[in-house]
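> Sequence:
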Amino acid sequence: MRNIFDLTREEFENYFLSIGEKKFKALQVYEWLYQKREFDIDNFSNIKKEIRDKLKNSFSNHFITIETKEEDVDTKKYLFRLEDNNFIEAVVMHHNYGNSVCVSSQVGCNMSCAFCESGRQKKIRNLEAYEIVEQILAIEKDLGIRISSVVIMGIGEPLDNYDNIVRFIKIINDSKGIQIGARHITLSTCGLVPKIYLLSKLPIQINLAVSLHAPNDLLRNQLMPVNKVYNIKELMQAIKDYLQVSSRRVTIEYVMLMSVNDSLKEAQELGDLLKGLNVYVNLIPYNETNHLEYKRSSKNRIMAFYDRLKKLGINCTIRREFGSNIKAACGQLRGSMKDK
Numbered sequence: 193m194r195n196i197f198d199l200t201r202e203e204f205e206n207y208f209l210s211i212g213e214k215k216f217k218a219l220q221v222y223e224w225l226y227q228k229r230e231f232d233i234d235n236f237s238n239i240k241k242e243i244r245d246k247l248k249n250s251f252s253n254h255f256i257t258i259e260t261k262e263e264d265v266d267t268k269k270y271l272f273r274l275e276d277n278n279f280i281e282a283v284v285m286h287h288n289y290g291n292s293v294c295v296s297s298q299v300g301c302n303m304s305c306a307f308c309e310s311g312r313q314k315k316i317r318n319l320e321a322y323e324i325v326e327q328i329l330a331i332e333k334d335l336g337i338r339i340s341s342v343v344i345m346g347i348g349e350p351l352d353n354y355d356n357i358v359r360f361i362k363i364i365n366d367s368k369g370i371q372i373g374a375r376h377i378t379l380s381t382c383g384l385v386p387k388i389y390l391l392s393k394l395p396i397q398i399n400l401a402v403s404l405h406a407p408n409d410l411l412r413n414q415l416m417p418v419n420k421v422y423n424i425k426e427l428m429q430a431i432k433d434y435l436q437v438s439s440r441r442v443t444i445e446y447v448m449l450m451s452v453n454d455s456l457k458e459a460q461e462l463g464d465l466l467k468g469l470n471v472y473v474n475l476i477p478y479n480e481t482n483h484l485e486y487k488r489s490s491k492n493r494i495m496a497f498y499d500r501l502k503k504l505g506i507n508c509t510i511r512r513e514f515g516s517n518i519k520a521a522c523g524q525l526r527g528s529m530k531d532k
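Using the numbering used here, read the sequence shown as starting at 193 and increasing by one per residue.
It should be emphasised that the hints constitute simulated quantities derived from the structure, not laboratory data.
Yeah, the Cβ is synthetic: ideal placement off N, Cα and C, and Gly gets one too.
Check the hints yourself; a few may be wrong.
[Unchecked claim] Listed next, the in silico DMTMM-like pairs over lysine to aspartate or glutamate satisfying Cα-Cα at most 25 Å (straight line):
no., residue 1, residue 2
1, LYS240, GLU213
2, LYS214, ASP198
3, LYS241, GLU230
4, LYS246, GLU320
5, LYS261, GLU275
6, LYS248, GLU202
7, LYS228, GLU242
[Stated by the list, open to error] Beta-carbon label-pair distances, calculated as ranges:
no., residue 1, residue 2, range
8, GLN436, SER340, 25 to 31 Å
9, LEU456, HIS483, 28 to 34 Å
10, ILE211, THR509, 46 to 52 Å
11, LYS228, LYS432, 41 to 47 Å
12, ASP464, ASN492, 19 to 25 Å
13, GLU513, SER250, 43 to 49 Å
Given only the sequences and the hints, what does the whole structure look like? Please build it.
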């Protein structure tokens, strides 16, 4: 039985037409679920009982549950239990401009990035669209807040779960859904080149972030096995195509690993690679984990790297740190649960 949070408004319209009802009832259902945040179908008072009964017979409304929650200043990390007893994570970050949430797209991840805790936990399955939607709804209900921006950057590679991610984006972007604007939705990928080309044609022009983390193939092959399939030249061509088709700036993510990718030589290579492109580099202080050998670059090395990029004319920021005290790095909380 399909979950009620898995349907786009268009799919609800088709459902009502299929049972001989007017498609405007799809709007009523959406308003109950996402505007009024009423999840009990019996309480959809402007929909007659006969139709409510059909909805209950057609759709499940099983909801993910909060297993644990850890809190830090401006950050809360959730470990959710799914219906099949698998676990996923989400992190909410409180900014002065609103609340953002980083959601997971898969149970585990097959990309095996050397520095990533999620890469240590192999992919079990893709998340369905409703399981991603419910991460937002559960956090909003628990904290009594509204989420203003969404980053698809938690456990998993979003473009490896493309169809469910697109459905999720349609649901949260809908004007009668969760109402997250396209400019407030960011998808992060390690570089699945064919799917980047596909994403550029999506009518909803969200923000794209690419996890690069190395400026040359030799180093990136060591850190990110995906580079052996889609090398930097192929990835950069996909980024250029995305820039041309979407006219949207692309974020280049670069995690700072001590004495691995943080020298001025790598900064120069990165600047040469990105010169002239409508991108900006987000330098990410590494969130260390007990299971992996990598260490965070020193503040001096991060600042030297940053300064070199700026001198080369590359737009660059250093990511503000969130949740370093609560296992907020991707996969850490789920990993600790599995270890137990």
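> Now tell me if each hint is right for this structure.
Each hint, compared with the structure:
1. LYS240 to GLU213: holds (11 Å)
2. LYS214 to ASP198: Satisfied, since the Cα-Cα distance of roughly 20 Å is no more than 25 Å.
3. LYS241 to GLU230: holds (16 Å)
4. LYS246 to GLU320: It holds: about 23 Å lies between the C-alpha atoms, which stays within 25 Å.
5. LYS261 to GLU275: holds (18 Å)
6. LYS248 to GLU202: holds (19 Å)
7. LYS228 to GLU242: Given pair LYS228, GLU242 holds - Cα atoms ~21 Å apart, limit 25 Å.
8. GLN436 to SER340: 25 to 31 Å: holds (29 Å)
9. LEU456 to HIS483: 28 to 34 Å: Since the Cβ atoms of LEU456 and HIS483 sit about 30 Å apart, the hinted range of 28 to 34 Å holds.
10. ILE211 to THR509: 46 to 52 Å: Roughly 51 Å apart at Cβ, these two residues keep to the hinted range, so it holds.
11. LYS228 to LYS432: 41 to 47 Å: About 44 Å separates the Cβ atoms of LYS228 and LYS432, which means 41 to 47 Å holds.
12. ASP464 to ASN492: 19 to 25 Å: Given a distance of about 23 Å, which is inside 19 to 25 Å, the answer is holds.
13. GLU513 to SER250: 43 to 49 Å: At roughly 45 Å between Cβ atoms, SER250 and GLU513 fall inside 43 to 49 Å, so the hint holds.
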